[in-house]
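Undergrad: Sequence:
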Amino acid sequence: MAARLCTRCLPPVWLCRQAWQGQGRHYRAALCTELKQPLTIQEVASRPVGPQEVRVDVHFCGVNFADILACRGQYQEKPPLPFTPGMEFSGAVLETGTDVSTVKKGDRVIGVSNFHAMAEQCITDQKTLWRIPENVSLQDAAVLPVSYGTAILAVDHRARIQPGETVLVTAAAGATGLAVIDVATNVFLAKGSEEEHPTSQRKALEGQDGGSHPSSASSSKLPSPLQNVASLELLAILRCYVLCAYQRYGVSVRVS
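Under the UniProt record's numbering, the first residue of the sequence shown carries the number 1, and numbering increases by one thereafter.
Accuracy of the hints is not assured; some may be wrong.
Cut-off 25 Å, straight-line C-alpha distance, at most; resulting in silico cross-link-like pairs (DSS-like, lysine-lysine) [what the hints assert, rightly or not]: (1) K36 with K78; (2) K104 with K78; (3) K78 with K127; (4) K105 with K127.
Simulated from the structure, these hints should not be mistaken for laboratory data.
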């Protein structure tokens with residue numbers, strides 16, 4: 001049966017299942033065998049884990065715009081065909097390398113991978129895995145690494161904001177923008193036009209922890225606290241180019 005992912009901002013992606021016979025150490029993966037064509041589910045031979053690597057039983061995989069671009073041949077990194085999309089995932093540890101000390105078999109984890117995650121299994125370095133609390137579902141956790149990783153890099157490493165400083169987030173209605181709001185201490189929210197974002201979504205954004213003074217990006221009038229920028233000790237401006245978000249954080253597909 002074909003599975004279809006379709007959002008308002010992203011083009012449809014079809015996963016077409018092919019007949020397969022499992023044997024030995026094999027697993028199923030979504031392969032891009034031809035650019036701009038549907039992905040196909042095929043049986044792939046697994047490989048041994050390295051000393052610092054971890055094999056994860058993937059339960060959910062995030063779908064990012066970078067995955068779409070890569071499957072079109074339009075991403076800055078162009079993996080050779082065939083390749084498996086998927087940059088973020090959640091699941092349970094199946095196997096660890098001899099030198100792995102951060103996780104153990106059975107741990108629930110989230111991780112990032114360089115286009116390998118849209119599969120039943122994924123091998124990645126232990127440095128790119130993090131254990132998740134028991135009260136966080138694997139589905140919710142799967143779409144955190146890219147958006148929140150980007151937000152932390154932007155706020156902490158790039159902008160280097162300090163407690164009490166102010167951040168202006170543009171295009172904050174998407175996954176990365178919402179993550180920045182959640183990470184930052186004080187956020188002034190600017191987002192798309194009222195026509196693009198319904199009132200219910202606007203109210204939800206206004207209620208996010210740390211967010212205040214939302215406004216429409218199409219408006220020429222800034223919120224009053226921003227009209228006198230010179231009075232602010234520091235104004236960090238983060239542009240979040242995010243095309244769409246599912247619910248609060250992003251989009252994920254279940255691996256089954």
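Undergrad: If you test the structure against every hint from before, which numbers come out violated?
TA: The structure conflicts with hint 2 only, although it agrees with all the remaining ones.
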